[in-house]
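K.L.:
These are the residues of each chain, in order.
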Amino acid sequence: MYSEKVMNHFKNPRNVGEIENADGVGEVGNAACGDIMKLTIKVEDNKIADVQFKTFGCGAAIATSSMVTELVKGKSLDEAENISNATVAEALDGLPPVKMHCSNLAADALHAAIENYKKKK
Amino acid sequence: MKGIYMDHNATTPVHPEVIEVMLPFFSEHFGNPSSIHWAGREVKKGIETARESVASFLKCDPKEIVFTAGGSESDNLAIKGVCDALKDKGNHIITTSVEHPAVLHTCEYMEKQGFQVTYLPVDMDGMIRLEDLKNAVTDKTILITIMFANNETGTIFPISEIGKIAKERKITFHTDAVQAAGKIPLDVNALNVDLLTISAHKLYGPKGVGVLYVRKGAKMKPMIHGGGQERNRRAGTENVTGIVGMGKACEIAMRDMDAESERLLNLRERLHKGLTRKIEHVKLNGHPSMRLNNTLNVSFEYVEGESLLLNLDMDGVAASSGSACSSGSLEPSHVLTAMGLPHEVAHGSVRFSFGSSNTEADIDKIIEIMPPVVARLRAMSPLYGKSLNPSVERTTAVCQH
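Going line by line, the protein sequences match chains V and A.
Position 35, counted from 1, in the first sequence is what our numbering calls 35; the numbers after and before it change by one each time, with no gaps.
Position 349, counted from 1, in the second sequence is what our numbering calls 349; the numbers after and before it change by one each time, with no gaps.
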């Protein structure tokens, strides 16, 4: 039911963890849906220098989290803000329809982390 | 790689002896059992032999057996058929909050038709209280429908006692015994039931065939109208191969049940002990003792069930989960949430349901596979280390999608 890319990211998720003293923290999702994502970012020169995630969720939730960290590493904040949940799903060669809404929250977590960084500044 | 199948509550493989008795009825004995000629008569005989096998499996009269297209149809026929027949006497149904969807959604449909339904709650072990049942009965109650054993947790309800209450109040009593059949001896008189559902594919028979036992004298209208098959209770040319297979499956279950049941209990306990010894924060879902010998439902706290299943699947282990994601719906298991489990614990449940193919070697393989998988997913989980507080989560968390 999942694409090869989803399974690849599920089996070998990139950038798992939590950055200490992160510049921005974004947490989205809720327990009822079964998906909770926490994204931490390090910002240098208006660029995302480092990004890590922790996710409680299904295969799609873990794969989208992993993919979004790969997509934004080294990108400017403006570029990162343009990444949508749809961009993430596309980069994974798509998600099963039922997962598009419930488990495709990684870009939301990213935007929440950027917003948190801007507020702190 | 030979896979390890641990999902026998979902379905079972057809027993070779069952296939053998079915085969001649595909082309050699192909007649329509309603026909009076030789081709029909020999098929009719096959059906009646199967009916006798099922009747001795349930300890009832063969005339009380109605063949259907499966467990869901039997449940639908029982509920809709009884309500239709008794609608002038009352409009109240009593069931539980943890029934199989075939009962639960049929009851919800009856509500839309103007019936009132009481859904009995369950405690943390998934058990109902007989007091709640007694208190729920009104003079309008026409049907009690309560499952024998829960498909997700294996918790076994006190059917005989429930039946006694129903009998005293002269209320028709139906039980969905789909998961109990082949695992616990069934005796419709000892159980005090008026209607009882079983399904062939849960006991090593073919898919697409089931039975509704209907006690002589019980009032029930048919749901499918047409020819006069099944004594006017279920129209349609019989699923002959399926029925013949179901009869054989019941014979085999009667023969093998005692020994197999003991064997599966040992496997279940071996897996439970092994997992709790090697992994922290493993919670049993279901009653500690009143539970099917073949069912082990456990939550691995802080991780989500579908990601566990995907990992198990990569290692060739087929199991199932109460997680929303694995079911295709967006809510976690209604059974586990009715038991008061916090959402994230319900999402982290895995059901292992054992059967004939499972060996001690299978269990030991799972005990070996599971700890690193759980450790890896916990290391990834933002919940790990936080306390999972049921009261907070249950009141605030609702899936918005």
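Hints are supplied without guarantee of correctness; some may be wrong.
[Claimed, not checked] DEER-style ranges, computed between Cβ atoms:
{"hint": "1", "chain 1": "V", "residue 1": "Asn30", "chain 2": "A", "residue 2": "Lys167", "range": "45 to 51 angstroms"}
{"hint": "2", "chain 1": "V", "residue 1": "Glu20", "chain 2": "A", "residue 2": "Gln116", "range": "42 to 48 angstroms"}
{"hint": "3", "chain 1": "V", "residue 1": "Asn30", "chain 2": "A", "residue 2": "Glu269", "range": "34 to 40 angstroms"}
{"hint": "4", "chain 1": "A", "residue 1": "Lys386", "chain 2": "V", "residue 2": "Asn8", "range": "25 to 31 angstroms"}
{"hint": "5", "chain 1": "A", "residue 1": "Lys89", "chain 2": "V", "residue 2": "Glu90", "range": "46 to 52 angstroms"}
[What the hints assert, rightly or not] Straight-line C-alpha distance at most 30 angstroms; calculated DSBU-like pairs for lysine-lysine:
{"hint": "6", "chain 1": "A", "residue 1": "Lys278", "chain 2": "V", "residue 2": "Lys54"}
{"hint": "7", "chain 1": "V", "residue 1": "Lys11", "chain 2": "A", "residue 2": "Lys89"}
{"hint": "8", "chain 1": "A", "residue 1": "Lys2", "chain 2": "V", "residue 2": "Lys11"}
{"hint": "9", "chain 1": "A", "residue 1": "Lys44", "chain 2": "A", "residue 2": "Lys87"}
{"hint": "10", "chain 1": "A", "residue 1": "Lys273", "chain 2": "A", "residue 2": "Lys170"}
{"hint": "11", "chain 1": "A", "residue 1": "Lys365", "chain 2": "V", "residue 2": "Lys121"}
{"hint": "12", "chain 1": "V", "residue 1": "Lys119", "chain 2": "A", "residue 2": "Lys386"}
{"hint": "13", "chain 1": "V", "residue 1": "Lys5", "chain 2": "A", "residue 2": "Lys365"}
{"hint": "14", "chain 1": "A", "residue 1": "Lys386", "chain 2": "V", "residue 2": "Lys73"}
{"hint": "15", "chain 1": "V", "residue 1": "Lys42", "chain 2": "A", "residue 2": "Lys386"}
{"hint": "16", "chain 1": "A", "residue 1": "Lys386", "chain 2": "V", "residue 2": "Lys54"}
{"hint": "17", "chain 1": "A", "residue 1": "Lys134", "chain 2": "V", "residue 2": "Lys118"}
{"hint": "18", "chain 1": "V", "residue 1": "Lys11", "chain 2": "A", "residue 2": "Lys273"}
{"hint": "19", "chain 1": "V", "residue 1": "Lys54", "chain 2": "A", "residue 2": "Lys283"}
{"hint": "20", "chain 1": "V", "residue 1": "Lys5", "chain 2": "A", "residue 2": "Lys273"}
{"hint": "21", "chain 1": "A", "residue 1": "Lys365", "chain 2": "V", "residue 2": "Lys11"}
{"hint": "22", "chain 1": "V", "residue 1": "Lys11", "chain 2": "A", "residue 2": "Lys134"}
{"hint": "23", "chain 1": "V", "residue 1": "Lys11", "chain 2": "A", "residue 2": "Lys278"}
{"hint": "24", "chain 1": "A", "residue 1": "Lys87", "chain 2": "V", "residue 2": "Lys54"}
{"hint": "25", "chain 1": "A", "residue 1": "Lys273", "chain 2": "A", "residue 2": "Lys89"}
In case anyone wonders, no lab produced these hints; they're calculated from the structure.
Ideal Cβ positions, reconstructed from N, Cα and C, are used throughout, including at glycine.
K.L.:
Hint by hint, say whether it matches the structure.
P.N.:
Structure-based check of each hint:
{"no.": "1", "hint": "V:Asn30 with A:Lys167: 45 to 51 angstroms", "verdict": "holds (46 angstroms)"}
{"no.": "2", "hint": "V:Glu20 with A:Gln116: 42 to 48 angstroms", "verdict": "violated (58 angstroms)"}
{"no.": "3", "hint": "V:Asn30 with A:Glu269: 34 to 40 angstroms", "verdict": "holds (36 angstroms)"}
{"no.": "4", "hint": "A:Lys386 with V:Asn8: 25 to 31 angstroms", "verdict": "holds (29 angstroms)"}
{"no.": "5", "hint": "A:Lys89 with V:Glu90: 46 to 52 angstroms", "verdict": "violated (60 angstroms)"}
{"no.": "6", "hint": "A:Lys278 with V:Lys54", "verdict": "holds (24 angstroms)"}
{"no.": "7", "hint": "V:Lys11 with A:Lys89", "verdict": "violated (59 angstroms)"}
{"no.": "8", "hint": "A:Lys2 with V:Lys11", "verdict": "holds (21 angstroms)"}
{"no.": "9", "hint": "A:Lys44 with A:Lys87", "verdict": "violated (35 angstroms)"}
{"no.": "10", "hint": "A:Lys273 with A:Lys170", "verdict": "violated (45 angstroms)"}
{"no.": "11", "hint": "A:Lys365 with V:Lys121", "verdict": "violated (52 angstroms)"}
{"no.": "12", "hint": "V:Lys119 with A:Lys386", "verdict": "holds (26 angstroms)"}
{"no.": "13", "hint": "V:Lys5 with A:Lys365", "verdict": "holds (28 angstroms)"}
{"no.": "14", "hint": "A:Lys386 with V:Lys73", "verdict": "holds (29 angstroms)"}
{"no.": "15", "hint": "V:Lys42 with A:Lys386", "verdict": "holds (24 angstroms)"}
{"no.": "16", "hint": "A:Lys386 with V:Lys54", "verdict": "holds (13 angstroms)"}
{"no.": "17", "hint": "A:Lys134 with V:Lys118", "verdict": "violated (61 angstroms)"}
{"no.": "18", "hint": "V:Lys11 with A:Lys273", "verdict": "holds (28 angstroms)"}
{"no.": "19", "hint": "V:Lys54 with A:Lys283", "verdict": "holds (23 angstroms)"}
{"no.": "20", "hint": "V:Lys5 with A:Lys273", "verdict": "violated (36 angstroms)"}
{"no.": "21", "hint": "A:Lys365 with V:Lys11", "verdict": "holds (20 angstroms)"}
{"no.": "22", "hint": "V:Lys11 with A:Lys134", "verdict": "violated (52 angstroms)"}
{"no.": "23", "hint": "V:Lys11 with A:Lys278", "verdict": "holds (22 angstroms)"}
{"no.": "24", "hint": "A:Lys87 with V:Lys54", "verdict": "violated (55 angstroms)"}
{"no.": "25", "hint": "A:Lys273 with A:Lys89", "verdict": "violated (51 angstroms)"}
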